[in-house]
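The task is simple: from the sequences and hints, build the whole structure.
Protein chains in written order, with this note's numbering: chain A, 422 to 668; chain B, 30 to 362.
Don't take every hint at face value.
[What the hints assert, rightly or not] Rough simulated footprint, nothing fancy, chain B against chain A, three-plus residues with beta-carbon under 8 angstroms:
no., region
1, 443–455
2, 527–533
3, 562–572
4, 658–664
No wet-lab data here; the hints were simulated from the structure.
Just so it is clear, the structure is predicted and the values come from calculations on it, not from any experiment.
All residues carry an ideal CB built from backbone N, CA and C; glycine is no exception.
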Amino acid sequence: MENLIKELVTKMADDALILGHRNSEWTGLGPVMEEDIAFSSMAQDKIGHAWALYRMLQDMEGGQDPDQFAFLRPASEYKCCHLTEMPIGTYEFSLMRHFLFDHAETVRYSSLLESSFLPLRQLAQKVKGELKYHTLHADAWIIQLGKGGAESHEKMQAALDSCFPLAAGIFEPGPDDGGLSDVYPGEKVLQERWMENIYPVLTKAALNLPGEVTPAYGGRYGQHTPYLHALLEEMGEVFRQDPAAAW
Amino acid sequence: MYGGGYIFEEPKRQPLSAQTPDDPEKLAAFEKRIANGEKIEPGDWMPAEYRRQLIRLIEQHAHSEIIGALPEGTWITRAPGFKRKLALIAKVQDEIGHGQLLYNAAETLGKSREAMINDLLSGKSKYSNVFNYPAETWADVTVIGFLIDAAAIVNQVANAKGSYGPYCRALERICYEESFHLKQGHDAFIELATGTPAQKAMLQDALNRWWQPIMHFFGPPDKASNHSEKLMQWKVKMASNDDMRNQFLDTYVPKIWELGLTLPDPLLKKNPETGKWEYSDPDWDLFFEVIKGNGPCNKERLDVRKWAEENGRWIRKALMRPEEMKRQTAPVA
Chain A
422 MENLIKELVT KMADDALILG HRNSEWTGLG PVMEEDIAFS SMAQDKIGHA WALYRMLQDM
482 EGGQDPDQFA FLRPASEYKC CHLTEMPIGT YEFSLMRHFL FDHAETVRYS SLLESSFLPL
542 RQLAQKVKGE LKYHTLHADA WIIQLGKGGA ESHEKMQAAL DSCFPLAAGI FEPGPDDGGL
602 SDVYPGEKVL QERWMENIYP VLTKAALNLP GEVTPAYGGR YGQHTPYLHA LLEEMGEVFR
662 QDPAAAW
Chain B
30 MYGGGYIFEE PKRQPLSAQT PDDPEKLAAF EKRIANGEKI EPGDWMPAEY RRQLIRLIEQ
90 HAHSEIIGAL PEGTWITRAP GFKRKLALIA KVQDEIGHGQ LLYNAAETLG KSREAMINDL
150 LSGKSKYSNV FNYPAETWAD VTVIGFLIDA AAIVNQVANA KGSYGPYCRA LERICYEESF
210 HLKQGHDAFI ELATGTPAQK AMLQDALNRW WQPIMHFFGP PDKASNHSEK LMQWKVKMAS
270 NDDMRNQFLD TYVPKIWELG LTLPDPLLKK NPETGKWEYS DPDWDLFFEV IKGNGPCNKE
330 RLDVRKWAEE NGRWIRKALM RPEEMKRQTA PVA
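The structure is reproduced here in structure tokens:
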């Protein structure tokens, strides 16, 4: 049981860290200053969630220091989904990713409010308030840009088309699935709830979900895009100069 | 952070005041208000030259915030450990927020944010020279966070006592946040200074490279500065370049020396008789070359802003002119 919980917490932490890292890359580059600030703010929240989850792992048997665990682990031991790994690309891609991911986080953490695992239940209480603002932000922008004229609509539709198969990979059935029904309801149930939540927003934004898609699976088993390896190289560049030193 | 003490000269242009002379009675009343320590507010009468100088000052300060976010911003993805990573993102985010506050303050004087950004991108409007140097290592981030923030605070605390209400209020909030940046910068700086030999060496190297840009930060010596007494009288400029530089050296050089670090100026010392710091003259020719656009990173900094402006254009357009669109087909569930 504890190993399965560790799998769950690790993938949640890795998702949050890697997407937080990606969102932080918008600091200074946003299309308007207010969006720089928003992405930066959400990046801090995500990295903060990751840090809390890594500390949760540290408190479990065989746990490691969060900095060491996050900054030194090779890509093959990371459990994040491919959606989080992709470079920031265009603003519409990053915005769509944020929309799809934060709605997934919302259903996940909502389910954890009833978890039998106390540390996750406590974290969910704290995180739900932050996620409310993340999805409010995402929904407002998706609707505004989805209806912001032909060029804007076309870009948002293209972003949805490219993000959606990646986002479906969030719910890849993992090693933790099936054996944790008291802890959380499992990926299939979360994906159904997620669809119920994103669908009305996309409708308001006049965006069409792509038809048949092949979900980008593999991340939960340590199979990643080359982008993750490059990201981790960069993230650990200073820390690895002397992992025993205080920075 | 980051308003440098130096207000850059604009390209030659006939001042508005020379075209339309100010009403002497109104001018006298305005100057009396300033002498009495009153704040000037956006709707109040003000001389055209006062408005022009303030726009220039606040605009340059705003540009310095958003450009100043870039050298440190490039280290967000490499910050070592959760604590530094979160602190650096928060700090750089604050700088962008300061830019936003300052553009708003400048807009109260009648120039739009868009016009200011356009002038930044065309090179017509300047920003603090110190950001035209590269942040080569993590130690550079700590030097910027500690010493350049500290230098900026010296300047901004002075300007917060100026005469223009919206600018002063923005600066009060900015200084409050800057004091946290300074603490973070100081903490990260001390961590390296008291760390491993490699960390100390990295910090010393960064300090050596940044010392001249820091000495440049407050602008040319008073004897060579062409600012009019008028700007001081109108409380647009609140302290002289040399006074601010001296105040900075007085507070921070001892802190640097206490940590066993050195500064690359053999003449640097406090004269016990005058109470003033003495130092080698930094290379002022280089300073003016960098202002002209020939510094190591001028092009890179503006290119990043141009990228953001160009890539964000469609978004700003969509925000300004939303068109209701009909749904073309039903979504596939």
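A quick look at each hint next to the structure:
1. For the region 443–455 of chain A, the stated coverage by chain B is satisfied: 10 residues place a CB nearer than 8 angstroms to a CB of that chain, which reaches the threshold of 3.
2. Counting residues of the region 527–533 of chain A whose CB lies closer than 8 angstroms to any CB of chain B gives 0, which falls below the minimum of 3, so the coverage claim is violated.
3. Counting residues of the region 562–572 of chain A whose C-beta sits closer than 8 angstroms to any C-beta of chain B gives 8, which meets the bar of three, so the coverage hint holds.
4. Residues of the region 658–664 of chain A lying with their CB closer than 8 angstroms to a CB of chain B number 5, which satisfies the three-residue condition for coverage.
Checked against the numbered hints given earlier, the structure breaks only hint 2 and satisfies all the rest.
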